[in-house]
Amino acid sequence: NAGVTQTPKFQVLKTGQSMTLQCAQDMNHNSMYWYRQDPGMGLRLIYYSASEGTTDKGEVPNGYNVSRLNKREFSLRLESAAPSQTSVYFCASSSYTDTQYFGPGTRLTVL
Amino acid sequence: EDKVVQSPLSLVVHEGDTVTLNCSYEVTNFRSLLWYKQEKKAPTFLFMLTSSGIEKKSGRLSSILDKKELFSILNITATQTGDSAIYLCAVQLSHSNYQLIWGAGTKLIIKP
Numbered sequence: 006n007a008g009v010t011q012t013p014k015f016q017v018l019k020t021g022q023s024m025t026l027q028c029a030q031d032m033n034h035n036s037m038y039w040y041r042q043d044p045g046m047g048l049r050l051i052y053y054s055a056s057e058g059t060t061d062k063g064e065v066p067n068g069y070n071v072s073r074l075n076k077r078e079f080s081l082r083l084e085s086a087a088p089s090q091t092s093v094y095f096c097a098s099s100s101y102t103d104t105q106y107f108g109p110g111t112r113l114t115v116l
Numbered sequence: 002e003d004k005v006v007q008s009p010l011s012l013v014v015h016e017g018d019t020v021t022l023n024c025s026y027e028v029t030n031f032r033s034l035l036w037y038k039q040e041k042k043a044p045t046f047l048f049m050l051t052s053s054g055i056e057k058k059s060g061r062l063s064s065i066l067d068k069k070e071l072f073s074i075l076n077i078t079a080t081q082t083g084d085s086a087i088y089l090c091a092v093q094l095s096h097s098n099y100q101l102i103w104g105a106g107t108k109l110i111i112k113p
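Residue numbers (our numbering), protein chains in the order written: chain A, 6 to 116; chain B, 2 to 113.
To be clear, the hints were calculated from the coordinates, so they are not data collected in a lab.
A portion of the hints provided could be inaccurate.
[Stated by the list, open to error] One side of the interface only, derived from the structure: several residues of chain A facing chain B at Cβ under 10 Å:
no., residue
1, Gln42
2, Met46
3, Ala97
4, Gly108
5, Val115
Computed from a predicted model, the values in this text were never measured in an experiment.
We treat Cβ as the ideally placed atom computed from N, Cα and C, and that holds for glycine.
Use the sequences and the hints to build the structure in full.
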């Protein structure tokens, strides 16, 4: 039982490049989330998926897209990376009203 | 606008001290309040509080919620260097698919 896994762990991009962050959970959770964490700002919700087949914008969705591929997997795509997207990205999952469980994070640097 | 405010933003104490971390909130549809500990990587869950006045306890950590005054505290007694971390508070809403509204966190440093 791996919990929530994320790939890659680290990534460096040049401005304008694209990439996809992958997330998978094996806890049979309905809901999945993407957050970014910047120093002094706590966690900010980018997008979430309350159930398979649905996605909704969070607090800071601009510049990102998501895909809920199936119940297990939820990916985050940066179409044209910008330096302002340098951050640590966390994926999380939960079973509706339960607590959220987090993946190990992806540290992204955009030059 | 829903918001969660934690104080202090940072705190440095010596091993063996007792610390109290604060979390206040203003949200439209409160369901629960959660505390997480974040060391070098992902946040890990500590407590979920839904009722006022009922203390949750785990070893040297305890937490309580006051739904009238809209705050929670996290206490750590006999602190150890391993307690050094960022402590995050989040409020779960009863709508919007149970989203969490996060505070900025309190960075706690325990000196030996």
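Okay, the hints, checked on the actual structure:
1. Gln42: holds, 9 Å
2. Met46: holds, 6 Å
3. Ala97: For A:Ala97, the interface hint holds, since the closest Cβ of chain B sits about 8 Å away, which is under 10 Å.
4. Gly108: holds, 6 Å
5. Val115: violated, 21 Å
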